[in-house]
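There are 2 protein chains.
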Amino acid sequence: MADSSEIDFTVRPIGRVQSPLTSTADAPRQGDEGAPDAYLILDPEVHVGLDGIAAGDEIVLLTWLHKADRSVLRVHPRGDLSRPEAGVFSTRASSRPNPIGLHRVRVLDIDGHRLHVSSLEAIDGTPIVDVKPVLGAIDER
Amino acid sequence: MADSSEIDFTVRPIGRVQSPLTSTADAPRQGDEGAPDAYLILDPEVHVGLDGIAAGDEIVLLTWLHKADRSVLRVHPRGDLSRPEAGVFSTRASSRPNPIGLHRVRVLDIDGHRLHVSSLEAIDGTPIVDVKPVLGAIDER
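Line by line, the protein sequences are chains A and B. Yeah, the first sequence ends on 141 if you go by the numbering used here, and it's all consecutive. Yeah, the second sequence ends on 141 if you go by the numbering used here, and it's all consecutive.
Next comes chain A alone, as it looks inside the complex (with noise of 0.2 Å):
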């Protein structure tokens, strides 16, 4: 079978993460760990797309962690090299072939394309690329 890569495709960011976190080395590795809330400010043009979302809701939103190195195909877990080496695809690492952040967050206030979010370990200028409703139940779809 050919290489998978020989058909790329276009990531455009629909938005950016405002956040007090400015660097990587700073931020906690997962939301629930202390990370603070922040502002996921939507581009104008895609701001119809928000309708339907309401504070209260909890999202999982889809981010490009821009800072990864993507030749990366193993790591210490958590970076602590006192674990040995696994895949990184065994491990939520931000450097990986295809970085793209994956957070699970609560809307706390909406006012027209700019969100405030609970709990976003995404540094300041991290590109949005999609939001998503968490699934409830097959009923409630």
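The calculated lysine-lysine pairs, modelled on BS3-like cross-linking and capped at a C-alpha distance of 30 Å, are:
no.: 1; chain 1: B; residue 1: LYS67; chain 2: B; residue 2: LYS132
no.: 2; chain 1: A; residue 1: LYS67; chain 2: B; residue 2: LYS132
no.: 3; chain 1: B; residue 1: LYS67; chain 2: A; residue 2: LYS132
no.: 4; chain 1: A; residue 1: LYS132; chain 2: A; residue 2: LYS67
no.: 5; chain 1: B; residue 1: LYS132; chain 2: A; residue 2: LYS132
Residues on chain A that point at chain B, a partial pick, calculated with CB under 8 Å:
no.: 6; residue: ASP8
no.: 7; residue: GLY52
no.: 8; residue: ILE53
no.: 9; residue: LEU62
no.: 10; residue: ARG74
no.: 11; residue: GLY87
no.: 12; residue: ASN98
no.: 13; residue: ILE100
no.: 14; residue: PRO133
no.: 15; residue: LEU135
The following residues of chain A were derived to be distant from chain B, with all beta-carbon distances above 12 Å:
no.: 16; residue: LEU81
no.: 17; residue: ASP109
no.: 18; residue: ASP111
Read the hints as simulated data drawn from the structure, not as lab findings. Just so you know, these numbers come straight off a predicted model, no measurement behind them. Note that beta-carbon positions come from the ideal geometry of N, C-alpha and C, so glycine has one too.
Given the coordinates of chain A, assemble chain B onto it according to the supplied hints.
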């Protein structure tokens, strides 16, 4: 603020889905709505990144939904015309600006760079973008 899409990123697929589903018209809307088991065929170059994944693990699979219409910002949820239109970011519609599929599946078996997984609604040939572990409790990470 400048339009966030001024800086684009390139997704380079790391493999493909092999599935009996050949058309999006036949595919269930979510994996837990009757989707078949499938294979994830990873490219040999990223094989080492799978180290640490074992049969029985739950993983989060990210795909690029290559049949999606990226211009869509509003949809009838679940394609149900009796439901009012909503913004795509409040739905799991595949058509959206960056059509990244998010699938929680269980690894049934692993054979080199070929993973057999349960209940996947992505169709045959869907590009694989990333694989992540499902996060456990904080003290198990």
